[in-house]
Amino acid sequence: MEGIKQLLASNIRRFTMIIALIGIIILFQILTQGILLTPLNVTNIIMQNSYIIVLAIGMMLIIITGEIDLSVGSVAAFVGAVSGVLLVSWDLPVFLGIIICLAFGALIGAWQGYWVAYVNIPSFIVTLAGMLIFRGLTLVVLQGQTLAPFPDSFRSLSSAFIPDLFGNGELQLFTILIGLIFTVIYIVSEFSIRKKDIKYEFKTLSMPLLMLKLILFSVVINLFTYVLAQYEGLPYVLLLLVALVLGYTFIMNKTVLGRHIYAVGGNANAAKLSGVKTKRMKFLVFMNMGILAALSGMIFAGRLNAATPQAGNLFELDAIAAAVIGGASFTGGIGTIFGAVIGALVMGVLNNGMSLMGIGIDWQQAIKGLVLLAAVAFDVLNKNK
Amino acid sequence: MSMDSPILEMKSITKRFPGVKALDDVNLNVQQGEIHALIGENGAGKSTLMKVLSGVHAYGTYEGEIIFNRNLCEFKNINESEELGIVIIHQELALIPELSIAENIFLGNEQQKNGVINWSETLVKTIELLKKVGLKVNPEEKIKNIGVGQQQLVEIAKALSKDVRLLILDEPTAALNEEDSENLLNLLVELKEQGMTSILISHKLKELLKVSDSLTVLRDGQTIQTYHIRNQKITESIIIKDMVGRDLTNLYPERKKVIGNEVVFEVKDWSVYHPLDPNKQLLHNVNLKVKKGEIIGIAGLMGAGRTELAMSIFGKSYGKKISGELYKDGRKIKLNDVSEAIKHKIAYVSENRKDYGLVLIDSVRKNLTLSNLKKVSNKNILNMNDEIVEAESIKTKMNIKAPTIEQVTTHLSGGNQQKVVLGKWIFTDPDLLILDEPSRGIDVGAKFEIYKIINELAEQGKSIIMISSELPELLGMCDRIYTLCEGEITADVNIEEADQETLMTYMTQSWRS
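Chain order of the listed sequences is A and B. At position 281 of the first sequence the residue is numbered 280 (numbering that gives the first Met the number 0), and the sequence of numbers has no breaks. At position 116 of the second sequence the residue is numbered 115 (numbering that gives the first Met the number 0), and the sequence of numbers has no breaks.
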């Protein structure tokens with residue numbers, strides 16, 4: 000009992016976020032009479048929110064360094080437009096097109112990072128300018144037109160599923176297998192961490208607690224893949240998201256780079272005097288945001304199967320909201336990648352659930368706004384206690 | 000001046016926080032028209048007691064009673080105590096840098112009618128108040144353009160504008176140089192002669208003994224003793240004994256001096272200009288050297304360029320148009336940023352640990368390893384287990400009092416925060432440590448521990464440059480002391496020939512004016 004209490008106390012923030020998400024899921028599952036968690040709709044939720052989650056990951060890093068990026072929606076639209084020109088108008092090979100688009104994203108991120116980090120212009124201003132610049136350039140590139148359709152291979156990133164190698168039709172067995180493989184990797188890694196902890200004579204979770212944790216996670220993972228397997232299986236974009244989340248979590252928690260990024264946000268002066276290259280860190284974080292915005296723009300364009308001038312409208316606000324609901328602090332230094340994903344899912348499930356219920360876009364906006372305010376207010380009040 | 004009518008009686012005050020008794024049956028009697036010193040180590044309960052008095056801790060959250068001006072007081076918030084004329088001036092000044100002196104003084108107490116401010120009345124009253132505190136500056140000058148010492152005087156003027164009956168000053172001289180401190184203390188005495196009562200909280204025993212009439216010592220949340228200084232012969236050592244609960248015969252620990260012959264670090268012709276005003280030269284051809292195992296001091300008044308010197312050396316962290324040469328172990332080196340300085344085994348402990356030393360929202364562990372993550376990583380990937388082991392070992396070695404290494408550093412006391420900063424730099428395994436005011440704002444016990452650590456470092460053969468505005472500290476710790484005046488080294492004094500008067504003479508003796 001003592002162990003559980005301690006576990007809860009040290010992870011209270013993470014648990015409240017997850018509990019909030021589960022609460023919202025249960026609420027809408029009831030309100031929609033079970034439609035929310037049907038295999039088709041679960042797949043939809045993932046696909047509808049994939050590009051926001053990608054942005055939220057980048058935005059989390061930006062907010063951790065104490066900055067903000069208002070331009071991500073416009074940048075995503077711009078890169079989507081560029082991909083339209085490259086792949087639809089010019090018929091370039093898809094792989095080459097994607098590389099060029101990511102490079103564009105990196106360049107745009109570097110441009111904004113330069114003004115923020117090296118010229119010391121507030122990021123709010125730089126990216127507000129970027130929001131206008133790249134929205135304008137999107138219109139210039141597309142000349143007000145919509146470019147379509149994209150080649151199938153480009154679209155697969157956002158809307159295709161991994162093929163079922165065993166093909167029995169009813170259930171996507173390959174998806175279930177991947178879930179099982181993932182479970183095994185997870186269990187093995189937990190045990191290897193435990194072995195190391197014991198070697199260093201650290202406190203470890205008691206065996207029953209560890210078992211509980213392993214079983215809980217395994218059940219969740221496999222239930223999830225089982226639900227997906229009942230529809231078309233694993234979407235490619237989900238694999239991409241898992242890779243991004245694991246990769247960025249590793250960088251932020253286990254590398255010198257990640258520690259330096261947190262330190263810059265926590266106290267830039269102290270970080271600088273500790274040998275952290277604060278300017279370079281901010282520059283890198285913005286460049287990274289550019290690349291992720293490009294990726295997000297391509298996923299969106301692929302999903303829509305068109306490059307349109309209106310793409311990416313208000314994406315920046317969804318991404319910022321996701322990061323903030325997920326626990327980012329605007330004073331910098333605080334936040335996790337995992338939190339950003341949970342935050343994005345909270346917003347995503349709200350969107351999806353309210354749409355299923357037939358609530359109009361007008362009320363959806365208002366309710367999302369209230370949820371954002373409530374999440375932050377809850378956090379602030381909790382801290383002041 | 001009647002000395003037997005108490006203006007304030009705090010009787011049997013007990014204040015509990017979850018898990019700790021911060022105040023335990025504390026009694027404080029302050030007489031009308033006296034300066035009453037309140038002294039104790041950090042965490043002894045001084046601030047808590049003052050918070051109880053001013054209503055920050057509302058009536059009902061503590062036990063005991065407060066009698067002010069013969070009335071039983073039940074303050075629910077700070078406004079209620081201010082209404083009766085109890086005003087606190089906090090250590091961290093609460094002035095707004097972008098507003099003028101006059102605007103600051105009357106902030107929240109505007110000279111107004113129907114919401115429209117009467118500026119001429121504001122100015123006239125401000126001039127009058129500034130005269131009272133002996134400050135000769137334009138009342139329309141912005142706060143950011145005047146020095147810390149002057150800002151402190153503005154705070155007092157602000158208090159006077161409120162018809163104050165009991166003035167409480169929390170560490171008013173902590174950030175001031177000797178001259179400004181002197182001014183401030185004289186002003187307090189002057190105000191006392193006009194009938195003002197004040198409570199003075201400070202770590203500086205000398206100045207307390209000089210100006211106060213009575214002195215109350217707190218230790219571990221209890222009143223230890225109240226002395227009437229005018230009638231009793233009180234020495235520093237008696238008070239220190241009361242504060243720490245043991246004899247501290249020597250303020251500065253002994254050190255086995257093992258000073259090598261080789262010069263470890265040398266600065267030649269170092270000149271630095273102001274970062275915002277390229278015509279203003281802050282340092283003029285500074286030359287200094289330090290040997291292996293040697294502790295040298297840099298003494299100078301505020302504004303002499305001490306911190307500017309240290310930070311400009313440390314990876315050009317301050318200033319523009321920096322010229323001059325640096326030598327490490329006889330070889331010329333260039334330090335263009337902090338990481339290069341760390342690579343050359345140089346460390347700098349800032350005078351401002353909260354803004355420049357620690358990432359306050361991060362744990363003890365993360366702060367300790369931040370400057371040398373290389374040591375706990377492989378190809379830029381951290382080995383958290385190694386990190387925990389290293390952090391635990393520093394915590395034990397330096398006696399950092401925190402429940403665990405995962406404790407967030409905001410919650411540590413000043414002394415323990417300073418140990419974390421020092422530990423962080425020791426973790427980089429430096430040959431040279433530049434310590435900027437290493438004992439500022441920390442209590443006697445923690446100071447002693449910090450001194451011991453510094454001595455141990457020197458005994459291990461590390462070289463130390465110590466910057467301090469407290470001359471006794473430099474005299475107690477250093478082998479050699481450079482004096483700095485208006486950006487110039489004015490003397491290089493061996494410890495045998497050094498005393499406060501000599502140093503002060505050099506510190507105020509500019510070659511250039």
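Don't read these hints as lab results, they were simulated from the structure. Hints are not guaranteed to be accurate.
Cross-link-like lysine to aspartate or glutamate pairs, in silico, EDC-like; alpha carbons within 20 Å at most [stated by the list, open to error]: (1) A:LYS278 / B:GLU386; (2) A:LYS253 / B:GLU405; (3) A:LYS253 / B:GLU386; (4) A:LYS253 / B:ASP385; (5) A:LYS198 / B:ASP336.
A quick look at each hint next to the structure:
1. Among the hinted pairs, A:LYS278 with B:GLU386 is inconsistent with the structure: their alpha-carbon atoms are about 26 Å apart, more than 20 Å.
2. A distance of roughly 16 Å separates the Cα atoms of A:LYS253 and B:GLU405; the hinted pair therefore holds under the 20 Å criterion.
3. This hinted pair checks out: A:LYS253 and B:GLU386 have alpha carbons roughly 11 Å apart, not beyond 20 Å.
4. Restraint check for A:LYS253 and B:ASP385: the C-alpha separation of about 12 Å stays at or below 20 Å, so the hint holds.
5. Among the hinted pairs, A:LYS198 with B:ASP336 is inconsistent with the structure: their alpha-carbon atoms are about 39 Å apart, more than 20 Å.
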